[in-house]
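Participant: I would like the entire structure built from these sequences, with the hints used as guidance.
When we follow UniProt numbering, the leftmost residue of the sequence shown carries the number 1, and every step to the right adds one.
If you're looking for bench data, these hints aren't it; they were derived computationally from the structure.
Hints are not guaranteed to be accurate.
[Stated by the list, open to error] Below, in silico cross-link-like pairs of lysine-lysine (DSSO-like), each with a Cα-Cα straight-line distance of 30 Å or less:
no., residue 1, residue 2
1, 117, 45
2, 117, 70
3, 117, 62
4, 38, 62
5, 70, 92
6, 92, 117
Here the structure is a predicted model, which means the values were calculated and not measured.
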Amino acid sequence: MSTQTALHGIPLPIFNLASSPSRSHRLVVRAKVEPSEKSVEIMRKFSEKYARQSGTYFCVDKGVTSVVIKGLADHKDSLGAPLCPCRHYDDKAAEVGQGFWNCPCVPMRERCGLFFKQSLIP
Numbered sequence: 001m002s003t004q005t006a007l008h009g010i011p012l013p014i015f016n017l018a019s020s021p022s023r024s025h026r027l028v029v030r031a032k033v034e035p036s037e038k039s040v041e042i043m044r045k046f047s048e049k050y051a052r053q054s055g056t057y058f059c060v061d062k063g064v065t066s067v068v069i070k071g072l073a074d075h076k077d078s079l080g081a082p083l084c085p086c087r088h089y090d091d092k093a094a095e096v097g098q099g100f101w102n103c104p105c106v107p108m109r110e111r112c113g114l115f116f117k118q119s120l121i122p
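Facilitator: This is the structure in structure tokens:
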């Protein structure tokens with residue numbers, strides 16, 4: 001591997017896949033697809049309604065709120081359920097089936113990036 005090219009001044013690694021001719025290599029590049037506008041709107045309305053009903057508030061940094069709502073919408077589009085985007089999953093499909101981490105997730109009172117109690121807002 002060498003760094004022979006750059007993107008916006010950041011060196012990018014160049015992989016020589018021909019170095020092991022006995023093995024076949026396949027390079028897969030996944031493009032990040034934005035969630036549908038419909039799903040984003042559904043998740044935004046759900047979030048606002050849940051915040052009103054639960055007495056919680058959104059993060060004062062609107063960028064955080066936007067990213068979390070987009071993450072929920074993305075999971076709704078790709079997995080069929082609003083899996084909490086605030087954590088990593090080894091098997092998202094299995095987690096969706098269990099429902100524990102679907103928004104609003106069971107432990108949201110501890111580490112949610114979307115809904116905050118008034119006492120946690122500076």
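Participant: Hint by hint, work out which the structure violates, then give me just those numbers in ascending order.
Facilitator: none
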